[in-house]
Amino acid sequence: MDNLVKNKTKLLTLVLMAIGIILLCIKGFTGDYVDAAGILHEYFFLIPVSFACLAAGVISLVISFIKQ
1 MDNLVKNKTK LLTLVLMAIG IILLCIKGFT GDYVDAAGIL HEYFFLIPVS FACLAAGVIS
61 LVISFIKQ
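Positions 1 to 68 (our numbering) are the ones given, in order, by the sequence shown.
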């Protein structure tokens, strides 16, 4: 049972960090532009969401190391 919990924690860490990196890559590859009306179009919300996922992944990693 204990091994199953460790595997789930490692999987959670991996998924959270992968989502954070993918979101940062999406933000980097999408173009920001100003349309004819002068409105800026960008996906700024991806930055805090990706940092939150990365932080949660790091916290999960630290917790898994402490529980060993």
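Take the hints with a grain of salt, since some may be wrong.
[What the hints assert, rightly or not] Label pairs and their calculated CB-CB ranges: (1) F65 to V34: 25 to 35 Å; (2) D32 to V5: 39 to 49 Å; (3) A52 to K10: 18 to 28 Å; (4) I47 to K8: 22 to 32 Å; (5) T9 to V49: 14 to 24 Å; (6) A55 to T30: 47 to 57 Å.
[To be verified] Result set (DSBU-like, lysine-lysine): computed pairs, CA atoms no more than 35 Å apart in a straight line: (7) K27 to K8; (8) K67 to K8; (9) K10 to K67; (10) K67 to K6; (11) K27 to K6; (12) K10 to K27.
Hint data in this document are derived by calculation from the structure and do not stem from the laboratory. All C-beta atoms, glycine included, are put in the ideal place defined by N, C-alpha and C.
Now for the hints, and whether the structure bears them out:
At roughly 46 Å, the beta-carbon separation of F65 and V34 lies outside the given 25 to 35 Å, and the hint is violated. Our hint of 39 to 49 Å for D32 and V5 holds, since their Cβ atoms are close to 42 Å apart. Distance hint check for A52 and K10: the Cβ-Cβ separation is about 20 Å, which falls inside the suggested range of 18 to 28 Å. Separation of I47 from K8 is about 28 Å and conforms to the stated range, judged on CB atoms against 22 to 32 Å.
Separated by about 22 Å at the C-beta atoms, T9 and V49 satisfy the suggested range of 14 to 24 Å. A55 and T30 have their C-beta atoms about 22 Å apart, which leaves the hinted 47 to 57 Å range violated. Of the pairs offered as hints, the one joining K27 and K8 holds, with about 28 Å between alpha carbons and a cut-off of 35 Å not exceeded. Restraint check for K67 and K8: the C-alpha separation of about 13 Å stays at or below 35 Å, so the hint holds.
Restraint check for K10 and K67: satisfied, since their Cα atoms lie roughly 12 Å apart, inside the 35 Å limit. Distance check on the hinted pair: K67 and K6 sit about 9 Å apart at the alpha-carbon level, within 35 Å; holds. Among the hinted pairs, K27 with K6 is consistent with the structure: their alpha-carbon atoms are about 32 Å apart, no more than 35 Å. At most 35 Å may separate the alpha-carbon atoms for a hinted pair to count; K10 and K27 meet this at roughly 26 Å.
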